[in-house]
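Undergrad: Residue numbers (our numbering), protein chains in the order written: chain A, 1 to 134; chain S, 1 to 134; chain W, 1 to 134; chain B, 1 to 134.
Derived by calculation from the structure, the hints in this document are not laboratory data.
One thing to keep in mind: the hints can contain errors.
As the list claims (entries may be wrong) - Just the calculated beta-carbon pair ranges, DEER-fashion:
#	chain 1	residue 1	chain 2	residue 2	range
1	B	K21	A	E117	28 to 38 Å
2	B	L119	A	K101	12 to 22 Å
3	W	P133	A	N113	47 to 57 Å
4	A	N67	W	I41	52 to 62 Å
5	W	G99	S	D114	33 to 43 Å
Computed from a predicted structure; not experimentally measured.
Built from N, CA and C at the ideal position, the CB exists for glycine as well.
4 protein chains.
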Amino acid sequence: MVEEKMELNHFMNYLGFKITKIEAGNIEGSLKIEPQHRQQIGFIHGGVIATLADLVAGFAAYTLVGNKQTVVTAELKISYLNPGVGDTAFCRGFVLKAGQKLIFSEAEIFANNDNKEVLIAKASGTFAVIDVPA
Amino acid sequence: MVEEKMELNHFMNYLGFKITKIEAGNIEGSLKIEPQHRQQIGFIHGGVIATLADLVAGFAAYTLVGNKQTVVTAELKISYLNPGVGDTAFCRGFVLKAGQKLIFSEAEIFANNDNKEVLIAKASGTFAVIDVPA
Amino acid sequence: MVEEKMELNHFMNYLGFKITKIEAGNIEGSLKIEPQHRQQIGFIHGGVIATLADLVAGFAAYTLVGNKQTVVTAELKISYLNPGVGDTAFCRGFVLKAGQKLIFSEAEIFANNDNKEVLIAKASGTFAVIDVPA
Amino acid sequence: MVEEKMELNHFMNYLGFKITKIEAGNIEGSLKIEPQHRQQIGFIHGGVIATLADLVAGFAAYTLVGNKQTVVTAELKISYLNPGVGDTAFCRGFVLKAGQKLIFSEAEIFANNDNKEVLIAKASGTFAVIDVPA
Chain A
1 MVEEKMELNH
11 FMNYLGFKIT
21 KIEAGNIEGS
31 LKIEPQHRQQ
41 IGFIHGGVIA
51 TLADLVAGFA
61 AYTLVGNKQT
71 VVTAELKISY
81 LNPGVGDTAF
91 CRGFVLKAGQ
101 KLIFSEAEIF
111 ANNDNKEVLI
121 AKASGTFAVI
131 DVPA
Chain S
1 MVEEKMELNH
11 FMNYLGFKIT
21 KIEAGNIEGS
31 LKIEPQHRQQ
41 IGFIHGGVIA
51 TLADLVAGFA
61 AYTLVGNKQT
71 VVTAELKISY
81 LNPGVGDTAF
91 CRGFVLKAGQ
101 KLIFSEAEIF
111 ANNDNKEVLI
121 AKASGTFAVI
131 DVPA
Chain W
1 MVEEKMELNH
11 FMNYLGFKIT
21 KIEAGNIEGS
31 LKIEPQHRQQ
41 IGFIHGGVIA
51 TLADLVAGFA
61 AYTLVGNKQT
71 VVTAELKISY
81 LNPGVGDTAF
91 CRGFVLKAGQ
101 KLIFSEAEIF
111 ANNDNKEVLI
121 AKASGTFAVI
131 DVPA
Chain B
1 MVEEKMELNH
11 FMNYLGFKIT
21 KIEAGNIEGS
31 LKIEPQHRQQ
41 IGFIHGGVIA
51 TLADLVAGFA
61 AYTLVGNKQT
71 VVTAELKISY
81 LNPGVGDTAF
91 CRGFVLKAGQ
101 KLIFSEAEIF
111 ANNDNKEVLI
121 AKASGTFAVI
131 DVPA
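If we strip away everything but chain A, and leave its shape as in the complex, we get (with noise of 0.2 Å):
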């Protein structure tokens, strides 16, 4: 169910983001940086590690919900702890409590570079559980 809805991301598509693991409340996935996902100094820019937060966070929310459910970001915040230097973005979504009609979780993002893992970004997000839409 995750697979065939992250098939549908055009956005998430249009990144190239991959996701690499899917457990119940944990997702994991991986980005290769191309020179489009830079800003101005040659850092990963906020807005993709802001995108792959959503991605991993909402997405481990979503594995909990029910089969006619899905979920949508009420709000994130990302904190910067460091900057955004390497070629390839790992991240990590997991799931702090699944309610009936609110999920919170979050998501750890790091930058490999020359195979050292720095973690770079923690967001934190609330998910609303919806009906899927007709």
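With chain A's structure known, arrange chains S, W and B on it following the hints.
TA: Same frame as chain A, but now just chains S, W and B:
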């Protein structure tokens, strides 16, 4: 200065974002929504909205720093108020408080659909003032 | 209804917070700053400011729900723009978007010092609409 | 140093908060919940929880700054995961990244009810490092 910085921002150009107004502490811009900006049910992707928020809130902060300074996003929170339905996103960034070290600014993102403008997201961010890396 | 709810809020009464205006989607109130509201260098404590933000943003949301409904805070973010110097805090909560399940509102907290009013904090929150527990 | 700072924090003492563990980058503490800490339906007030989050996340940051430096909260976001039911709140603050100018830390707040510990809130904050005012 802001215009020069804009031209060097690869991810912004990749998305197709255009800045339409630059004043001290205020930035406006717009994005024509293309298929790649949407998620699986056709709404503007949350990551696109977060990127717009980061761009205009950050550029608004940037208009207020010194010649050899720039800003980096310390954190950004986005509230998704309404579904991103529409063909154009219009956005506005403005500074709440500009300190020597930190600048606080906000962003509003509107979607334009059939000549009606709807506030689809509101964001607040903290930007650190840094010296331009040599 | 809001007034009744207020009287039952122990922590609010303990702090000494007074609501001064109640309109649909808008709340105003004030707090006389006493020594116990301050931190170690004499500024209004961040926790007091967060409490004021939660109260006015939450009550503003509460003015828009049904008879047998109430709101609970899902999340709240506070930006501390200026030091909390002053003898009175004045605050304002207002709704950005009221949905069936979620209400988004904001709060502004001002400190009043020598007849000058300074915006010391800005907050945004997400409030879940729930049925009043029986 | 942290202990000295604590004793001078009026609002913390007023609430009755006790710090139980101080390590570099880590703080733990607890609060016995009294009637004045509750809101109208008997749960721990969101403002009390925000205050605890600010205290432990901020003190955790403070353990890592220089002799003549202190920290001020730039912003704080709190997610309210579960109702604050219980007689004791226990909380933990820890640093994610300590920079020269900004320290990012998080806080977890648990409520203790009938010997069960429930995570009631999770917070993330940005703290600015400043020189101690003379």
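Undergrad: All hints are to be evaluated individually against the structure, with a verdict given for each.
TA: So, going through the hints one by one against the coordinates:
{"no.": "1", "hint": "B:K21 x A:E117: 28 to 38 Å", "verdict": "29 Å, holds"}
{"no.": "2", "hint": "B:L119 x A:K101: 12 to 22 Å", "verdict": "18 Å, holds"}
{"no.": "3", "hint": "W:P133 x A:N113: 47 to 57 Å", "verdict": "51 Å, holds"}
{"no.": "4", "hint": "A:N67 x W:I41: 52 to 62 Å", "verdict": "56 Å, holds"}
{"no.": "5", "hint": "W:G99 x S:D114: 33 to 43 Å", "verdict": "21 Å, violated"}
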